[in-house]
Amino acid sequence: MPVTPVLTSRWKIPGIWSLETYERHDGYRSVRTALNTSPDDLIKMVKDSGLRGRGGAGFPTGMKWSFIPQGDGKPHYLVINADEGEPGTCKDAPLMMTDPHSLIEGIIVASYAVRANRAFVYLRGELIHAARRLRNATAEAYRAGYLGKDILGSGFDLDLVIHSGAGAYICGEETALLDSLEGRRGQPRLRPPFPATHGLYNSPTVVNNVETIASVPFIVNHGVEWFRSLGTEKSPGPKIYSLSGHVTRPGQYEAPMGTTLRELLDMAGGMRGGRQLKAWTPGGSSTPMLTADHLDVPLDFDSVMAAGSLLGTAALMIMDDTVDIVPVVRRLTQFYAHESCGKCTPCREGTTWLLQILTRMEHGQGDPSDVNTLTDACDNIFGRAFCALADGAVSPIVSGIKHFPEEFAAASTPRPATAAPGGASGNGVAKSSTNALAGAH
Amino acid sequence: MTVSPEARYGPASPEAGSGPFTEEIRAAAREIVARYPVGRERSALLPMLHLVQSAQGCVTTEGVDFCARELGLTAAEVSAVATFYTMYKRHPVGDWLVSVCTNLSCRLLGGDEVYDRLSKKLGVGHDQTTADGSITLEHAECLAACDYAPVMTVNYEFYDGVDPGAAEEIVDALGRGERPTPTRGGPLCTFAEISRQLAGFEDPRPEGIAGTGFLEPSVAGLTVAEQAGWDGGVAGAQAAGGPAGPAPVGDVLPDTTPADGARSGASPAAGAPTSTPAGPAASATPAGPAASPTKGA
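In order, the protein sequences belong to chains Y and L.
Mapping to the numbering used here: the first sequence position 332 is 332, numbers consecutive.
Take any residue in the second sequence, count from 1 to its spot, add 1000: that is its number in the numbering used here.
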């Protein structure tokens, strides 16, 4: 299956981040079309396209938009989730850094469709160059009349604010994001009520991922049929697959939904140094790891779920056979322990205990009961918190034990204290740093 | 019962123009508040905390009080927020905040070794600042640049595909008062200056916005498509100059990028001796190689 650049198609064009260049490459065409279409027809178009949310959950975008109550007299908001922080995920940052107007174009169309007159981009704080480019693009769009009052004479008003966060993975969870945007600690809210009726400032709000919204102008310009010609029946369209780790040419590969890892690896020059694939995540660190047995699983929402994992953000972190799994799992657990917001006890306390157990296992001080303890603790964390961070936190552990039981069993047997693997810090993931690099040639 | 903000917290702006929060900073704070709907001023808190960091290098008690007064909140409400987020610092950050990603994709390719080398070199650990107060080191969680691993940032500008040697060159250059050119992002500016941008103010330097936005990994799939003659059926959006695109200017990688140089580039640590500062596209980056120090501007 080929790569099909759509969202990524303009990224090499010199100066595409400026309005003048962007307009010369089909830029803002969908805004003119949309403003001459009824909002309901736009929602129907996005529904018919089958576009599903690219932020991880895969919820149908058109359906999400249709949940916004109309004629309720309340202000409506569109909030873009640009808080990219899931380990392995690196698709929205390059989009915003190279082609910022494409996101703004999508924001205008989406806001018009859901009748929102204010939109916010909640941008991960660390992505300062994306902030620069987005703010510049926003200012250009205001000057050109694509934002502000009476856009292109349509009578539609829209204000857009680029809001930098301050470093908290949890703010990628949509209700935590809304709390953060309201100037609070980023902690998830109980649902229902959902943001569609009680979102930002307790008003109807659509929260969509960057890639999702950037897809919308292409649907408006090229039609539902074109969009559905790519991808699968239930997961149509192109998807940006992000390959990282032990692959020859890491990077962004935009291909039809349902492309397999085998096909993606072919395009990316294969495994580094021709080594064997050992483990990989299909959609970031929160999605259960898969193995070489899953090279031919179509990477769409439903097929990956059927294979026991989740498509997530299509962030493929690829590990070869030099990697020990227990240290990998320990490192990811460290991330979740750090990023747990502390609201729910099972997640806050659980991730901390999981980290302690995994750390001692990694350092040769495991106990024969450790695997059972881990499994039991994961079982008591999964599904017992307000948000999906807790579920994601147990994914590496549960899938690691499932696919690599012998490594966990070995780590449950105490070893001499000198056996700690890794580099100078004693907590490296590879069997040794030398090994990890040896595969590079 | 309604108590006015003045009654609860004192007058809105006592000691105007005094201390670290000058009248100029107060004006900036009011500008931030104006971005949000009337009655929703609290939304200004995160950017305002970045603003107070631009004045003091961290969030101090004074900074908390400043935000509280400007927004009609209690100091406790502001502190609860300030302590939640990683980017708000409790101790003054040096001019240069050096963040090394040690999460999985970077770690697989040597991110730990980069961090360890810098920690040893600078003689500081996580979230600590060198004795001269110039450099603060931290290990960072995933920086959304996994395809450029291992990555580090200085004041959030990217240095991609670093190895321990290249990382050391970068901090050496900082130590000499130079500003090594990032591989992606704008030319370096100080933590105070970047904090102001985080507060939502435009980068005053034209060269800031012009800084390179991508190198080969971001367009790896696009390159494959060009070579194979594939497209996604959105011809209007693509480069006018045909599959290979027009001549590179500004924010673009020349197609002549030596594939090997650029791609082992994902991990120069793999192919290059550690003493060679090699960015992922050292020869192709318009802005110059990762660790090629240019005199501070």
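What the hints contain is simulated information worked out from the structure, not anything from laboratory work.
Careful, some of the hints might be misleading.
[Claimed, not checked] Per the computed footprint, the stretches of chain Y lying under chain L, defined by three or more beta-carbons under 8 Å from a beta-carbon of chain L, are:
| no. | region |
| --- | --- |
| 1 | 72 to 86 |
| 2 | 89 to 97 |
| 3 | 152 to 166 |
| 4 | 212 to 224 |
| 5 | 251 to 262 |
| 6 | 326 to 334 |
Yeah, the Cβ is synthetic: ideal placement off N, Cα and C, and Gly gets one too.
For each hint, the structure was consulted:
Using a Cβ-Cβ cut-off of 8 Å, 4 residues of the region 72 to 86 of chain Y lie near chain L, which meets the minimum of three, so the contact claim holds. By the rule of at least three residues with a Cβ nearer than 8 Å to a Cβ of chain L, the coverage given for the region 89 to 97 of chain Y holds, with 6 such residues. Judged by the Cβ-Cβ criterion of 8 Å, the region 152 to 166 of chain Y is covered by chain L as claimed, because 6 of its residues qualify and three suffice. Note: the region 212 to 224 of chain Y has 3 residues with beta-carbon separation from chain L under 8 Å; the three-residue rule is met and the coverage holds.
Evaluation of the coverage hint for the region 251 to 262 of chain Y: fulfilled, as 5 residues show C-beta separations to chain L shorter than 8 Å, against a requirement of three. Counting residues of the region 326 to 334 of chain Y whose C-beta lies closer than 8 Å to any C-beta of chain L gives 3; at least three are required, and the coverage claim holds.
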